[in-house]
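Colleague: What follows is the residue order along each chain.
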Amino acid sequence: MEWETVIGLEIHAQLATRSKIFSGAATAYGAEPNTQACAVDLGLPGVLPVLNREAVRMACLFGLAVDAEIAQRSVFARKNYFYPDLPKGYQISQYELPVVSKGRLIIELEDGGTKTIGITRAHLEEDAGKSLHEDFHGMTGIDLNRAGTPLLEIVSEPDLRSAREAVAYMKKLRSLVRYLEICDGNMQEGSFRCDANVSVRPVGEKRLGTRAEIKNINSFRFVERAINFEIERQIDLLERGETVVQETRLYDAARGETRSMRSKEEAMDYRYFPDPDLLPLHVDTAWLEEIRALLPELPDSKKERFMFEYGLTSYDAAVLTSSRELADFYEAVEKSSGGETRLAANWVMGDFAAALNRDGLEIGACPVNARMLGGLIRRIADNTLSGKIAKQVFEAMWEGEGDADSIIEKRGLKQITDTGAIEQAIDEVLAANPEQVNQYRAGKDKLLGFFVGQVMKATQGKANPAQLNQLLKEKLNS
Amino acid sequence: MHDKTLTELAAGLRAKEFSSVELTRYFLDRIARYDGQINSFITVCADYALQQAQAADQALANGDAVSLTGIPLAQKDIFCTDGIRTSCGSRMLDNFIAPYDAGVVERCSGAGMVMLGKTNMDEFAMGSSNETSYYGPVHNPWDREAVPGGSSGGSAAAVAARLTPVATATDTGGSIRQPASLCGITGLKPTYGRVSRFGMIAFASSLDQGGVMARSAEDAALLLNVIAGFDERDSTSAEQTVPDYGATLDETLAGLKIGLPEEYFSDGLDTEVARIIDAAVDEYRKLGAEVKAISLPNTGLAVPTYYVIAPAECSSNLSRFDGVRFGYRCENAVDLEDLYKRSRGEGFGAEVKRRIMIGTYALSAGYYDAYYLKAQQLRHLISDDFAKAFEEVDVIMGPTSPTVAFNLGEKSSDPVSMYLSDIYTIAVNLAGLPGLSIPAGFVGSRPVGLQIIGNYFNEARLLNVAHRFQQVTDWHLRAPQPFAD
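If you read the sequences in order, they're chains A and B.
Number 381 in this note's numbering belongs to position 381 of the first sequence; there are no gaps in the numbering.
Numbers in this note's numbering are just positions in the second sequence, counted from 1, shifted up by 1000.
Among these hints, one or two may not hold up.
As the list claims (entries may be wrong) - Negatives, chain B to chain A, calculated, CB over 10 Å: (1) 1230; (2) 1353; (3) 1354.
What the hints assert, rightly or not - So the derived list for chain A, only partly shown, Cβ under 7 Å to chain B, looks like this: (4) 269; (5) 271; (6) 278.
Stated by the list, open to error - A short list of chain A residues far from chain B (calculated; beta carbon distances all over 10 Å): (7) 33; (8) 216; (9) 400.
Keep in mind the hints are simulated off the structure, nothing from the lab.
This one's a predicted model, so the numbers in the text were calculated from it and none came from an experiment.
C-beta atoms are modelled at their ideal positions from N, C-alpha and C, and glycine is treated no differently.
Isolated chain B (complex conformation):
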């Protein structure tokens, strides 16, 4: 059951092989049985899920069902859910229950999908290893000593361990693609503006984008069909029609022009990972694609640029967590300043505080021009690199992450080395482009992801390119042993 694709599950529901309630119970049971080993959920909402499942069964019986009605999913705990805690992985929001659903959650419920629970994540989506979560780290299902990646580590691990068929996630600097890569699943970060940010707790507003985690490109396409689209409550949401992402999956790749940026295959890249990416690119040659070397000359600027812009925005976005109206409030505040200092000091973890301080500094009078303004200029250069590249090629390929999953604790005391693990993903957010990661092999027991970057609103092409690869390879079908049954 847990290896079925979304298409198979939808067909099974329609053929009455199983009901949505049975399907939901099946996954709730798996979560109960396995999640103790990987800690991928912060909240499991069994009653809520079963209610949704009953309603879905009713809709299926009435003939009111749409394509994914009755299919369970997990929501990253960054998406607000009406009546169910939304913690964002932080002590600050350990007691926070939103009175509204995020746009993404609303669309999933509207499509009859069943929410199993809320997945673990780095605190406020700040991290690349899921170790900054107030609720403890997530373990990589392929190797419990390894991190699952971050910040959407819970969603990635839950999908990889088959605790949910699909999950939502968000990506500010690689938070979908990097954990997808490290957990051996398919993760898509859409074009900035493709998916509503309403009700998605902001980390860095100009970079944050909701997306999907699935075992295959096909499943990812079907879930993207549900969550993509304009939302008038988000001013940065794109007023563009949404194609049927499932309709073009099988298109031929003959003549597809693939660009390999030389900067993505240089020094920091693990040689084993490089070998696997080369092999994947060879598969594409066999599928009829043309491969050419390209250059994204400002790649080296992406990490420093990101670590000015993202903290700057986060320092302001996180000001609302002040202990006054909701969330964590310190005990016995003696005055207003004490209330602010201790509520924030006690409510936020170390990485969040570090980024708030970096961002506050970067925006300060006298430093603004040197940091924030300069970073915005560099952001344009980085976008221009991609624009030039897309004049020559259809998609850009490379590794998602320079290494396979590192060990828990290995980088947690060295923030800069942690930041560098996002070196290939960050530029995509700065440019606002869509990118996905698909499984392409293993180094030992640990998965390697191939990153595919497309032009703006070209998600359909990305999914098509990923799908054709998955038609001729089986990396995406492999399950981590302890969770295979």
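This is chain A alone, in the form it adopts within the complex:
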């Protein structure tokens, strides 16, 4: 039987606010345990939550960016359950009335096409603390630094049909929240994490199959593997005539498999009800318009503009707009190169990206800035440098030897475009290699490369390649 996979994702994006969603404690990652938890985060008696306006602004910004409806009135609810790292015995979340609903995100497919994925809702909630089970000799340590960190839970429609699509959606969403500067997208630190709802059904079937929810998958690779494992598992069950049980499963990265956490029967009754300590959240039109006015250019429209304005291919434009920093960097390089759109694109995506990758650096912290790279490209465009020499200059810039012009000057790398000088070098090479000259003239055309190489060697690679080729042919054929 042919099977169709149906996937919906729940992404938890940690909002990049300075303080927590309901208290004034700091949100910075990695502090000593329990040093960033105030009385509110500890759930001490009598303390009350006060909503962080910045978290709401970020949620609205996200909603606007995915073309969603922003609720004028939304409600915080309590999700009640007992766990040691949940100090109040309930999590404040949004349940029936979320702040963002009915959005959409367009993803690029591998065949070059696009697909629109529905976003059911995005709601604000607080994170819990962490339970630490190692290092406490059979006891459990509780770190409440993370308790109360603002999260935006972004729930997709079950529109995804493969693990690859799920990853494409997740990557696109991550790029978007980073563009909006509402989440750092750091998956290792858990600022961007994913639960996947996966089910399968026979092709043509309209009803959804029974789903399993895979919890807390913290890398793109694991998302793909976990979903693929789960699809296989479910198809296997169904083909053997068994049924899929609705349950929560955990992905075990070490074993590359998912395993059952709890079934639907064991599912908790969270007893959601509106939090009486918080008034309904009102987002008025005027404020929403202020937020809209500050919406940055988003990846999709930036990509369109790059294609139109710089004449880039769809692929190049997509790569260059994959993050806001990269796109801004490209535009700055293009500008200081004097409008060398293609060369700038090639260099940013090529040698520059490779060097960043090699040294594990961020654009903002690397030794070559946009003005320097643009200056290098100018010297390629005006024939001062050949492509090959330009690579040397780039490496020297990366090593901190200054900008392109001073390196060219210092190292004497200026390309030789003086016909006389090139001719002289050719004459010397031809005179030193009479044997090869004869062979060439006897019809061994391939030897042209040999002569080019010899002349380049003699000129330390500085001869203008086009001129050299032309002059060499003229001399050999005369």
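Following the hints, position chain B against chain A.
Modeller: Frame of chain A, contents of chain B only:
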């Protein structure tokens, strides 16, 4: 000394007739002498009080004093106090010392007032008789066989027995007005949002409201001046200016429209209490008020509505008492579930557990719509009743409680009959309105309270209406005999 009004005490301090330290010692001595008979304090903080009193004397000497500087008060043990135990009447918090002051406590200290101690109360403010306190019941100063009412029974009894000039209290379903009525004092529950809930241990967040207990409306007004006002740490706190409640006490009542809800004078009301309330209303006629019958048709729904909403909220509010971070923790827990079950099982008393179970049930999947959601709808109907009534009248009057104080033990084994003793007070909390109770007479030795309900943020009018009554009657001046000297 113990019969002086706040105004007289403030004047005495300024005239150097006595110092704040002397005044504080005087009340600490009274507590030491009398509280064994009524058990109105859980904690007496003599050293802390004397330190505050010294600072107050300094402020008085420097001319930095404000109106109530140097005057002692008692805080209900539901308000967190930095460095002094806050038990909320529960074994669960017998060892709990908050690292912060509640908004109310902060304001009192900021105004130079002196905290004598923390008053007894029903456990987590759940009760109408003060019998659910882990620290033992409070006795009614008028009759030690009788309950003082609850949950703020300690504050009411302490004020009635003249162990403190004034006290703070809280009211979720009548917990200020009912004990004020049963102890023959003046108790005001302000509009929901008028007084900060920050640092006030939550029972039912949408109903809880801090307020004041005093011997007179005038004293209540002066204390309300101190504790009322916006607090940015409480999202439900009202961002509204606070009038000077003392400034309008003497305004005339001529033309005041009083509504008497027929539902408050029906079956369950004790005939003697009814007679006293009628007599009080007659006093108001003499003061120039117009009295008319009104109807609050959904009154009968108030108790059942309340006993869904309040337990639902409490079941969630009390989840934080889990033995993990603070408060009571059972011995030798074998695992997490055991830790939870025994810490909560041993730390909470029976009434608290009953309400947690009722509330958990009401919020459960499959029952939520039938109970919690329905109760919220009824809450709107109850509020609408009042809104309609206030189109016709300025204040609503009736009995605070259907009977005078009942005996200790009389209702403690019958929760429903206990719940029904709050039948006239609960609707006010559901609507979020201000209400007060003033002494209006006695049945035998036991006091009867008149309840006056006002429109939102109309505390000034309520206090004015109460004050004018106290200008022509002396019920509020009577002291229970054993504590008169």
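Colleague: Hint validation: residue 271(A) versus chain B, beta carbon distance must be below 7 Å. Holds or violated?
Modeller: Holds, about 4 Å.
Colleague: Does residue 33(A) sit more than 10 Å from chain B, CB to CB?
Modeller: It holds; residue 33(A) is separated from chain B by about 13 Å at its closest Cβ, greater than 10 Å.
Colleague: Residue 1354(B): least C-beta distance to chain A exceeds 10 Å?
Modeller: holds, 17 Å
Colleague: Using 7 Å as the Cβ threshold, decide whether residue 269(A) counts as touching chain B.
Modeller: At 5 Å from the nearest chain B Cβ, residue 269(A) passes the 7 Å test, so the hint holds.
Colleague: Is the nearest CB of chain B more than 10 Å from the CB of residue 400(A)?
Modeller: Since the minimum Cβ distance to chain B is about 51 Å, residue 400(A) lies beyond 10 Å and the statement holds.
Colleague: If we take the beta carbon of residue 1353(B), is the closest beta carbon in chain A still more than 10 Å away?
Modeller: holds, 15 Å
Colleague: Is the claim that residue 1230(B) lies outside the interface with chain A correct, judged by CB distances over 10 Å?
Modeller: The claim holds: residue 1230(B) sits with its nearest Cβ about 12 Å from chain A, beyond 10 Å.
Colleague: Hold the hint about residue 278(A) up to the distance rule: shortest CB distance to chain B must be less than 7 Å.
Modeller: For residue 278(A), the interface hint holds, since the closest Cβ of chain B sits about 5 Å away, which is under 7 Å.
Colleague: Just checking, residue 216(A) versus chain B, shortest CB gap more than 10 Å?
Modeller: holds, 20 Å
Violation of the numbered hints given earlier is absent; every hint is satisfied by the structure.
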